[in-house]
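Participant: Line order of the protein sequences matches chains Z and C. Quick note on numbering that gives the first Met the number 0: the first sequence kicks off at 0 and runs consecutively. Quick note on numbering that gives the first Met the number 0: the second sequence kicks off at 0 and runs consecutively.
In short, the hints are calculated from the structure, not lab data. For clarity, every value in this text was computed on a predicted model and none was experimentally measured. Don't take each hint at face value.
Cβ pair distances, simulated, as ranges [what the hints assert, rightly or not]:
1) N79(C) / D345(Z): 37 to 45 Å
2) V173(Z) / D353(C): 57 to 65 Å
3) V173(Z) / R334(C): 56 to 64 Å
4) I587(C) / L334(Z): 51 to 59 Å
5) T18(Z) / N79(C): 20 to 28 Å
6) L334(Z) / F554(C): 37 to 45 Å
7) V173(Z) / G319(C): 49 to 57 Å
8) T141(Z) / N64(C): 33 to 41 Å
9) P160(C) / E164(Z): 36 to 44 Å
10) F554(C) / E337(Z): 40 to 48 Å
Cβ coordinates follow ideal geometry from the N, Cα and C atoms, glycine included.
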Amino acid sequence: MSINTYFTDFLASIRLTATQKSESKRGHKTLRERLLADDDLSEIIVSTFLQGSYKRSTAVRPLGDKRADVDIIVVTDLNRSEVSPIDALEMFEPFVEKHYKGKWERQGRSIGISLSYVDLDIVVTSAPSEAGERMMKSLSVTTDLALEDIVTRNYDWRLNSAWLEPNLELGNSVLAESIRSAPEWQGEPLWIPDRDANTWEETHPLEQIRWTREKNKNTNGHYVNVVKALKWWRTLKLTAIKYPKGYPVEHMIGDCCPDNIESVAEGVVATLRNFVDNYSTYRNNGTVPRFPDRGVPSHNVWHRITFDDFLSFYDSTKEYCGLAEEAFNETSLRLQTEKWRDIFGDKFPFAPNDDDSNSGGNSSGPTGGFTPRQNLSEPKQERFA
Amino acid sequence: MINEPSNDIRLGRRALESIKEYTLLNDLVYDRDLSRWVLHFSIRGYYQPTDEVPVMTNWYCLLSNEYPFGSIEIYPDSLNGIETTFQHMSYNATSDRAWRTGNICIKTNLGGWGRNLFNSEPFTASDRLHWNVTRALAWVTAAAEGHLAQDGDPYEFPDIPKSKTSTFVFNETSEGFEAWSEIPDEHGVFEYFVPTLNSNIRVIERVVGKKVGLQYEWGSAIKKSTRLSEGRGYWLRLKSTPVLSPWQIPMNFSELATACQVQGINFFQILRENLGKNSLTDEVSHIALGFPVGQYINSSDQRMHWFHFEWPKLKDDIKGYKKGTSSYYREKVDRILSMQVSLRWTISENWAKDQLTARGRLSNGFDLLRFCIIGAGAIGSSFAELLARLGCHSITVVDHDIVATGNFSRHTLDMRSCTKFKAAELANRLNLIFPFMETLGKTNRLNWVAKSNSDFYRDYDIFVDATGDDGVLAALCSNVTEDNQLLVSLSINVNASELYCFLGVTGGDDLFVRFNELMKPWSAKQQREEHSPVFVLENVGCWHPVFPARIDDIFGLLAPTIRQLEQHFIDGGNTRLVVIKREETGNINIIS
Chain Z
0 MSINTYFTDF
10 LASIRLTATQ
20 KSESKRGHKT
30 LRERLLADDD
40 LSEIIVSTFL
50 QGSYKRSTAV
60 RPLGDKRADV
70 DIIVVTDLNR
80 SEVSPIDALE
90 MFEPFVEKHY
100 KGKWERQGRS
110 IGISLSYVDL
120 DIVVTSAPSE
130 AGERMMKSLS
140 VTTDLALEDI
150 VTRNYDWRLN
160 SAWLEPNLEL
170 GNSVLAESIR
180 SAPEWQGEPL
190 WIPDRDANTW
200 EETHPLEQIR
210 WTREKNKNTN
220 GHYVNVVKAL
230 KWWRTLKLTA
240 IKYPKGYPVE
250 HMIGDCCPDN
260 IESVAEGVVA
270 TLRNFVDNYS
280 TYRNNGTVPR
290 FPDRGVPSHN
300 VWHRITFDDF
310 LSFYDSTKEY
320 CGLAEEAFNE
330 TSLRLQTEKW
340 RDIFGDKFPF
350 APNDDDSNSG
360 GNSSGPTGGF
370 TPRQNLSEPK
380 QERFA
Chain C
0 MINEPSNDIR
10 LGRRALESIK
20 EYTLLNDLVY
30 DRDLSRWVLH
40 FSIRGYYQPT
50 DEVPVMTNWY
60 CLLSNEYPFG
70 SIEIYPDSLN
80 GIETTFQHMS
90 YNATSDRAWR
100 TGNICIKTNL
110 GGWGRNLFNS
120 EPFTASDRLH
130 WNVTRALAWV
140 TAAAEGHLAQ
150 DGDPYEFPDI
160 PKSKTSTFVF
170 NETSEGFEAW
180 SEIPDEHGVF
190 EYFVPTLNSN
200 IRVIERVVGK
210 KVGLQYEWGS
220 AIKKSTRLSE
230 GRGYWLRLKS
240 TPVLSPWQIP
250 MNFSELATAC
260 QVQGINFFQI
270 LRENLGKNSL
280 TDEVSHIALG
290 FPVGQYINSS
300 DQRMHWFHFE
310 WPKLKDDIKG
320 YKKGTSSYYR
330 EKVDRILSMQ
340 VSLRWTISEN
350 WAKDQLTARG
360 RLSNGFDLLR
370 FCIIGAGAIG
380 SSFAELLARL
390 GCHSITVVDH
400 DIVATGNFSR
410 HTLDMRSCTK
420 FKAAELANRL
430 NLIFPFMETL
440 GKTNRLNWVA
450 KSNSDFYRDY
460 DIFVDATGDD
470 GVLAALCSNV
480 TEDNQLLVSL
490 SINVNASELY
500 CFLGVTGGDD
510 LFVRFNELMK
520 PWSAKQQREE
530 HSPVFVLENV
540 GCWHPVFPAR
550 IDDIFGLLAP
560 TIRQLEQHFI
570 DGGNTRLVVI
580 KREETGNINI
590 IS
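Starting from the given sequences, assemble the full structure and let the hints guide the process.
Facilitator: In structure tokens, the structure reads:
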């Protein structure tokens with residue numbers, strides 16, 4: 000049983016709230032306007048854009064009081080062989096002091112700004128090539144819309160100069176065939192400060208977005224939801240385990256989730272099973288698997304994960320894999336929802352008890368919802384006027 | 000702007016997952032034009048599929064944003080849904096949306112298929128949609144197995160998409176149907192008029208054939224109404240409801256001809272021969288189709304019912320035929336019958352008394368009694384209103400007084416009647432309630448009315464004294480003496496906490512003496528408790544005192560008297576006094 004509507008409603012309660020999304024966009028928009036109005040910085044800025052799980056539609060609501068995190072890339076034309084990452088970041092400090100006094104701090108590779116509902120992480124890049132500059136300025140890069148907002152039956156996101164935003168108000172935009180079939184930019188990695196801002200290192204956020212788009216298409220639109228569901232599980236249930244978390248978990252799901260899944264439930268079960276099966280040898284051999292970054296294959300997304308981390312993560316995943324398979328194969332609707340709730344917590348809705356549901360639906364027999372009732376439900380007060 | 004379904008809507012459609020026969024095709028989408036959430040699903044049945052009902056049927060369910068309140072409608076999918084019109088379904092045509100117009104009627108508990116299933120529609124978020132979809136499955140099954148309408152089920156007309164609000168009204172009864180069985184005519188002319196009292200109504204007066212002339216009986220208001228216009232139509236008599244199988248009203252001439260053909264009636268031929276022989280085709284505005292119906296399918300009590308549609312007019316006159324000749328008219332009729340137009344059906348209603356009083360009526364026969372109400376004040380007007388709306392069509396009101404605005408705090412009349420006579424105004428008002436009302440107003444004192452008609456005291460079955468006047472009551476007691484007459488006196492005490500309903504059975508003791516005897520304990524009590532009753536003055540400058548009773552008190556005390564009368568009519572009984580008393584707590588007690 001895949002009980003799709005239960006998963007649909009669970010996902011609706013764990014994705015970013017409308018406020019978080021609109022605040023992310025507003026925060027980015029204001030920041031960009033201020034940057035371009037700044038006399039000093041406007042000289043060096045090529046463009047800005049949102050990246051990260053928000054953009055890929057794989058972000059989940061933070062637990063408790065934590066605010067949502069949004070990454071903003073500020074593309075500069077600073078020559079990376081002349082300017083160090085630390086100096087590049089320092090160039091932005093007067094700006095954030097002026098506009099976000101008391102709300103900002105240096106965080107290794109980025110500058111963090113705390114707004115009311117979201118936290119903005121400014122990551123500064125060095126100069127791209129000329130071709131790269133053109134791409135960075137195009138609407139397909141600078142748009143604030145997330146993948147789920149853009150990709151529908153009639154619309155898509157394309158990394159080319161012709162791409163336009165869909166009209167979300169009307170909701171009936173159709174992507175012209177010429178845009179759909181126009182070739183996409185190859186793109187090139189961007190150079191950002193490493194974790195401690197000592198050196199420049201490569202990253203390829205646009206390739207990650209494109210990879211996600213393709214994977215989502217190949218999974219009947221379920222992939223981003225499988226990611227959200229499993230990220231939620233990881234944060235909620237694996238509290239004793241520090242790493243992996245965030246993007247490394249998403250990347251792993253991307254590698255383990257099979258194509259052509261028919262539902263989120265199926266994707267969750269298959270992803271966990273594939274992880275357990277594919278990496279059992281690593282576990283037994285005492286090594287950590289390698290996950291090459293999309294677009295920068297030399298970069299191992301799991302490079303910070305120790306074997307102890309991996310071991311704990313693997314064993315927990317194996318345990319929950321068993322639970323997920325049980326849930327997926329459960330025939331009683333009520334029991335199935337109970338089991339999913341063991342994995343996803345109480346944001347996953349309960350089904351009513353099979354035998355006392357008010358509508359007489361039985362889970363046994365072909366005439367499931369058709370059996371004349373034995374018990375009357377609460378008689379409704381008849382009122383007339 | 001509505002973007003996300005509410006938690007209640009989500010819960011409602013999650014609950015559908017427990018229905019084994021149900022499969023979700025497309026999850027909730029908000030349709031801004033219709034302001035509805037749209038759910039697309041399929042149902043798998045366990046019946047033998049038929050040409051019209053396949054095993055898998057697809058449906059669209061439209062939910063109001065106020066779910067679990069608001070509307071829920073279920074329509075067949077245009078592509079893989081039911082394409083014909085069945086019973087308990089709106090006319091099922093294609094539309095400009097993904098679903099057809101045949102909204103299925105699943106809320107009723109009537110009829111064999113509906114009764115089998117549980118209870119009435121629940122209004123909780125988890126249950127309501129589930130109930131509706133389960134009912135839809137039952138409906139589809141009944142449609143496939145051919146028992147959406149069975150013998151003994153209440154008869155239901157096919158749904159008729161109507162283009163106009165104007166309404167044809169006729170008066171067909173079971174007795175009238177017996178007369179129809181004697182009438183050999185199969186078609187003819189009918190005459191109607193539009194009354195001034197309501198320009199949306201077309202009242203049919205006469206139905207005429209070669210051998211028959213039938214005149215409908217109408218009550219005072221319609222009989223006496225002036226006319227805005229008059230018209231004629233042509234009627235045909237059918238053997239049964241004109242439908243295309245299973246239950247679709249014909250929507251053009253060709254479909255109508257087919258539906259008649261099934262009954263062995265050649266619709267085209269009848270119209271050609273009769274409308275096409277003279278100028279009748281120009282004079283006739285509508286065609287009427289009459290057929291027998293009973294309250295239940297195949298029940299024995301039948302009456303005629305009529306459907307009406309506009310007889311189309313040609314846009315241009317025809318050329319090549321000499322005007323006024325029968326070939327000219329014949330050609331006209333032929334052209335009209337071959338027009339590719341939708342039939343414009345009107346609303347057609349049977350205004351027979353038993354059809355109009357279905358919502359609330361008295362025991363058989365009580366409504367046929369002849370009432371005379373003396374006194375058209377607070378009590379008299381309210382009592383008359385109750386009787387009329389319960390279907391008592393024969394009421395005479397006697398009162399000499401004039402209507403004053405101050406009356407309206409506890410009267411049924413309104414400002415339109417000021418300065419006019421109460422009896423006449425009240426009679427007019429009652430006559431306008433129902434088309435069968437025959438109410439008369441006599442503007443005079445009782446003794447004068449009696450003097451001018453020697454049969455007056457014998458002309459009614461029930462006399463109601465609503466004057467509070469001993470003189471009137473005494474006169475009635477002396478003169479209402481025939482067997483099986485009833486003398487009723489209704490009055491209230493000064494603060495309307497007690498209503499005295501005296502039921503006087505004729506042919507026994509002196510009723511006035513009896514009345515006083517029965518009232519004695521109540522009068523004595525009144526003396527003790529209210530020896531200085533407080534009256535109010537009507538208005539500044541007027542010394543005429545009025546009793547201060549409120550309309551809510553009057554209604555509350557008066558309403559139970561109807562049942563007292565009705566019970567007496569059924570069971571009989573002796574002369575007695577029934578006191579309807581309002582306690583200080585507000586409880587109403589009936590003391591007899």
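Participant: May I ask you to test the hint 36 to 44 Å on the CB atoms belonging to P160(C) and E164(Z)?
Facilitator: holds (43 Å)
Participant: If I claimed the Cβ atoms of L334(Z) and F554(C) lie 37 to 45 Å apart, would that claim hold in this structure?
Facilitator: With a Cβ separation near 58 Å, L334(Z) and F554(C) fall outside 37 to 45 Å, so the hint is violated.
Participant: A range of 40 to 48 Å was offered for this pair. Does it hold for the Cβ distance of F554(C) and E337(Z)?
Facilitator: Given about 57 Å between the Cβ atoms, the range is violated.
Participant: Regarding T18(Z) and N79(C), is the given constraint of 20 to 28 Å on their beta-carbon distance met?
Facilitator: violated (41 Å)
Participant: Please test the hint of 51 to 59 Å on the beta carbon pair from I587(C) and L334(Z).
Facilitator: holds (55 Å)
Participant: Could you tell me whether the CB distance from T141(Z) to N64(C) stays inside 33 to 41 Å?
Facilitator: holds (35 Å)
Participant: Mind checking the hinted window 49 to 57 Å against the Cβ distance between V173(Z) and G319(C)?
Facilitator: At 54 Å between Cβs, range holds.
Participant: If I claimed the Cβ atoms of N79(C) and D345(Z) lie 37 to 45 Å apart, would that claim hold in this structure?
Facilitator: holds (38 Å)
Participant: Just tell me: holds or violated, for the beta carbon distance of V173(Z) and D353(C) against 57 to 65 Å?
Facilitator: 60 Å Cβ-Cβ, so the 57 to 65 Å window holds.
Participant: Using the C-beta atoms of V173(Z) and R334(C), is the stated range 56 to 64 Å upheld?
Facilitator: Roughly 46 Å apart at Cβ, these two residues miss the hinted range, so it is violated.
Comparing the model with each earlier hint shows violations of hints 3, 5, 6 and 10; every other hint is respected.
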